[in-house]
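Single-letter residue listing:
2 protein chains.
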Amino acid sequence: MTVFMILCRVFRRERFALTESSQPSRKLESTMAIVPWKQVGEDVTLAGKFGKKLIVKQFLNPKSGKIQDYVQFAQRDWSVCLAITSDGQVLVVSEFKQGRNAVDDELPAGTAEFGESPEEVMRRELRDETGYVPELMVYLGFGWISTRSSPTRFHCFLATGCKKVGPAKLDENEDIETRLVSLEQWLEMVMNGSISEPSAVTTTIRALSHLGLKIAR
Amino acid sequence: MTVFMILCRVFRRERFALTESSQPSRKLESTMAIVPWKQVGEDVTLAGKFGKKLIVKQFLNPKSGKIQDYVQFAQRDWSVCLAITSDGQVLVVSEFKQGRNAVDDELPAGTAEFGESPEEVMRRELRDETGYVPELMVYLGFGWISTRSSPTRFHCFLATGCKKVGPAKLDENEDIETRLVSLEQWLEMVMNGSISEPSAVTTTIRALSHLGLKIAR
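If you read the protein sequences in the order shown, they are chains A and B.
Mapping of the first sequence onto the UniProt record's numbering: position 185 corresponds to residue 185, and the numbering continues sequentially without gaps.
Mapping of the second sequence onto the UniProt record's numbering: position 65 corresponds to residue 65, and the numbering continues sequentially without gaps.
For the record, the hints were derived by calculation from the structure and aren't laboratory data.
Zero decoy hints are in this set.
30 Å max Cα-Cα, derived BS3-like pairs, lysine-lysine:
1. A/Lys-66 / B/Lys-53
2. B/Lys-49 / A/Lys-52
3. B/Lys-63 / A/Lys-163
4. A/Lys-49 / B/Lys-66
5. B/Lys-163 / B/Lys-214
6. A/Lys-66 / A/Lys-38
7. B/Lys-57 / A/Lys-169
8. A/Lys-66 / A/Lys-52
9. B/Lys-38 / B/Lys-53
In silico negatives: residues of chain A with every beta carbon more than 10 Å from chain B:
10. Asp-77
11. Glu-113
12. Phe-114
13. Gly-115
14. Ser-117
15. Glu-120
16. Arg-123
17. Arg-124
18. Arg-127
19. Val-133
20. Lys-163
21. Val-165
Since we're looking at a predicted model, the values are computed, not measured.
Glycine included, each C-beta is placed from N, C-alpha and C at the ideal position.
In isolation and in its complexed conformation, chain A is listed as follows:
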């Protein structure tokens, strides 16, 4: 993580704290504050293939005092970016997605190879999938594919000033088409439910304030 990325995160935290303290939320019931549960023992792998695993974790529920089993799905973290060209167009990637079982419009994204940082993954995937390189990348933090059922995270980036430097470099297993849509059109696709991949949706909404955009009446 670069100093620039750290500064961005600190800045966001401070802004959030100001908003929060100006309007305190109120609890509905006089419950105890929720405390983090503790994992008991090690992960047990039920099955694994191609780096994807089904695991069982045991946690001590502090409310009941009982140990409960949770089954989770683990794979390598990935990176995803809202990439905008120097003339303000969004790079939208279409490919067949085997989970959804349909051709899907989404953002450039890819999985970490050994030893790569999230930003290195993103720069490599953006270049290979689309042929573009960014002028500036901003880290937007990470999310989980399922906060209940997976320890796997996706790292969100905003890439601006993207310029084409050559053709896409796809391997024979990749069947991808990139097209340019206006930022307005992409935001409409996210808002109206046309975009199914939650990492693309999350990345887009986190990029808004960095693009000088806000949600308004």
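Following the hints, put chain B in place on chain A, whose structure we already have.
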């Protein structure tokens, strides 16, 4: 925030005009349109526990002509809602999430029991987790936890005019706290990366137009 970042933000604000962008999207390369791949044979289950499974699906890649294996994680679909009270506050649920391994702020949500429709799931979970019932529910479509690696969907709802009808009904395994935050504050939490659960983020952005909100400069 550095001077560099301020300059970047000012610069970007001028570059991303939302108004000048109603042009049609354009393809970058003269590729064939992406066609849906076909699954070959049946799912093979590698392991399963508590309704969660690791499965292998084989697909024929029409570009390479080869059959490729995809490992996926399957569980029951779930429902999630942005629930707003009759005085305009969002019901935010905090609980320990075993995937993220932390206490998480998110929206009321729950998994389907046998024979329930997505809306029935949502009404039951909203009532049980928070003690509230809605005046109106709007279905916002579904998303996938991972369009690549899971056939599991989450169904998104907007629930408005919510009124408290009694205490929450939690079973002994549930350790949940509900609080009310202003809609403005919730949107800020989603935009600034404080919300990690992608189904909550997706539901929020799909609800915007139904709430008379838009993304603007």
